[in-house]
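Student: Sequence:
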Amino acid sequence: MTQKTARTESGPDTEASRWLHVRLWATGALMTLCLGVLLTRAYVLQVQKRDLYRSLAEEQYLREIEVPPHRGRIVDRSDSELAASASIDSVYLEPQKLRSELPDVPRREAALVKLAAALGLDLGELRRRAQSDRHYLFLKRRIPPEETQRVRALALPGVGLTQEPKRYYPNRSLAGPILGWAGVDAIGLEGVELAYDRFLRGSKASVIGWQDARGRKVMVGGIGDSARERGHDVRLTIDKFIQFRLEQALEEGVHKARAKAGVAVAIDPRNGEVLAMASVPSVNPNDPSGARERGVRNRVVTDPFEPGSTIKPFTIGAALEAGAVHLSDEWDCEGGQWRIGHVTIHDAEPEGILTTTQVLGRSSNICTSKITRRLGREKTYLFLRQLGFFAPTGIDLPGERSGQVRPVAEWGDVAFANISFGQGMTATPVQIASAMAAFANGGILYRPHVVSRVISASGQTVLESHPEGKRVMSTQTASTMRQMLRAVMEKKGTGEKLDIPGYPVAGKTGTAQKVDPNTRRYSPDFWASSFIGFAPYDDPRVLLFVVVDEPHEGHYGAEVAGPIFVKVVSAVLPYLGVPPQSSATVVTAAPTPRPSPAEQYGPPVPVAVRYPGIPDAQRVPSFLGLGLGRAVDLAKASRLRLELSGSGVVVAQEPPAGSARRGPLCQLRLAPPH
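Residue numbers (the numbering used here): 10 to 683.
Bear in mind the hints are in silico, worked out from the structure with no lab data behind them. Please read all numbers here as calculations on a predicted model, not as lab measurements. You may find that some hints are simply not true.
What the hints assert, rightly or not - List of simulated lysine-lysine pairs, DSBU-like, C-alpha gap at most 35 angstroms:
| id | residue 1 | residue 2 |
| --- | --- | --- |
| 1 | 479 | 523 |
| 2 | 506 | 269 |
| 3 | 576 | 269 |
| 4 | 576 | 501 |
| 5 | 249 | 645 |
| 6 | 501 | 265 |
| 7 | 123 | 149 |
| 8 | 500 | 576 |
| 9 | 479 | 265 |
| 10 | 123 | 58 |
| 11 | 523 | 500 |
Please construct the entire structure, taking both the sequences and the accompanying hints into account.
Tutor: Set out below in structure tokens:
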């Protein structure tokens, strides 16, 4: 009995012990598994994904801080610097470091007083900044050298110097409106600085800065060198000497006339390069504050105005190009008064019978109106549009405006007469100058431009400008107009007193009434006085257009703007190495022998005349033997679009006359009649 009982009692103990071991093993296995998971996860986080989580962590307290780059230089055509960048000291403060190293309040206060005096800062504002919980802040940026020396001499804890790039213009206000200026962040804001910003702006530099829990920058060591690679250099077509002479003469002329403003632009008529461009009021780009409020802008490209008599060479030239008038034609100037409808047109001086050449030389409004009436509205508009009016020239400067004129269909007799002598339409100075250059160079309209080349820091040419021109008139018309413009400068011409000894000038005066903004009528007190000319007239090297806005001492272009032209061109031509001519070599205006068509035209340059609504399945009419005006009329009636080359009468056409129309286009070749 005893043994049986013992075996029976040992059974439950064995069972309990077995389950205890099972639970212990299960618990151990679970803990081992958990530990394995933790170790695996730790391995993944700390080894496999270490770089990812390190970068995520750094993003919480590190920031890449961009620093303004060094901009490239702007130089004139002779590589003389007009704009450059230099490293300038800026003062920064570490408020926490200042307080920790100067815990004594009186000592810290004395240091702040000295620092405020050294930098010319407000002491109260400096105290407020010193109490900031930020780790780093600028006190004053781009300081002059004398302030740098004073800060270094103080040697205050928590106050340091770092260098930043600063744009400076060594010639002060010279070419200010052309150059424009760049902002504190080294981004171009006006002029060439804006137009070529993507080339001038250098590669952005950056430094790593610390950031605290509130997202505030901490830069214990300063920002260091700010430039990795400077921007490209931009070389202008501007000549520093010519620019200086032009600005000086224009400012003196505006001051003498007590005028509101003045603009002038000098162009090389052979290729469209702008040699100088000036506006008064001007600006010093080193300190452009308040420039816009003072009316500073590059008025040569931004300000359209009614050109007055300076438009007459173009409206008369249109009639000559179309063969509607000839130099020997005579015109009755009606004794200085001519009534059209309800309006009487006046001439400045009463005239009787004048030839076409004399009409331009004496600037008769009446006879100019009669000449354009013979030509017609549409052909006058077409020629002006072909010369670049009423559309931007494409000059590489910001803010260009195009000028305006009412649609041709709205030109009544009075409006057409006004447009013929430069009222009722607007144009910018650069438009008028580039159009006049076509007379000077033989009939080619070039796109004006101020930048010749963009050069990288390594000396490689990144961008280069090439003359972009198209033929807009025959060489015969251009030659005739040069002679007529020369006659303006001779006896009884409006520019008689403006000729330059040794350098015969061809030009045109302009005296345009301005509209009074209050009455919306032409004012007897507000004028735009102008003169445009080129010299030497038989081989032009420089073309200059001058406008003086609202002069109060005189108002005729010859007496207000003309002397500015003479002063500048008299200095520029010898500077350019142009030898003076003897009086025997200066010839008067006379028709030149007509060249052959091959000599006259060279490669054809198409000029498109577009008309809408062109049906197919019609025969091509014959244009052979027609002049430009009749050819345009026939094309309009036939709903054809013309491409024209040459001048005179039609000598060839494609498709041939009478053939089936293959489309809306017809190409005409014109040549002078034999």
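Student: Residue 123 and residue 149 were given as a pair; does the straight-line alpha-carbon distance stay at or below 35 angstroms?
Tutor: holds, 15 angstroms
Student: Between residue 523 and residue 500, is the straight-line Cα distance small enough, at 35 angstroms or below?
Tutor: holds, 29 angstroms
Student: Does residue 501 pair with residue 265 here, judged by a C-alpha cut-off of 35 angstroms?
Tutor: holds, 26 angstroms
Student: Please work out if residue 479 and residue 523 have their alpha carbons no farther apart than 35 angstroms.
Tutor: holds, 33 angstroms
Student: Are the Cα positions of residue 249 and residue 645 separated by 35 angstroms at most?
Tutor: With Cα atoms ~50 angstroms apart, residue 249 and residue 645 exceed 35 angstroms; violated.
Student: Against the 35 angstroms threshold, does the CA-CA distance of residue 506 and residue 269 hold or violate the hint?
Tutor: Within the cut-off at roughly 25 angstroms; holds.
Student: Assess, step by step, whether the Cα of residue 576 is no farther than 35 angstroms from the Cα of residue 501, and give holds or violated.
Tutor: holds, 22 angstroms
Student: Are the Cα positions of residue 479 and residue 265 separated by 35 angstroms at most?
Tutor: violated, 40 angstroms
Student: Between the alpha carbons of residue 500 and residue 576, is the straight-line distance 35 angstroms or under?
Tutor: Cα-Cα ~21 angstroms, so holds.
Student: Please work out if residue 123 and residue 58 have their alpha carbons no farther apart than 35 angstroms.
Tutor: Distance ~52 angstroms between residue 123 and residue 58 Cα, so the pair is violated.
Student: Mind checking the alpha carbons of residue 576 and residue 269 for me, to see if they're no more than 35 angstroms apart?
Tutor: This hinted pair holds, its Cα atoms lying about 21 angstroms apart.
Checked against the numbered hints given earlier, this structure breaks hints 5, 9 and 10; the rest are met.
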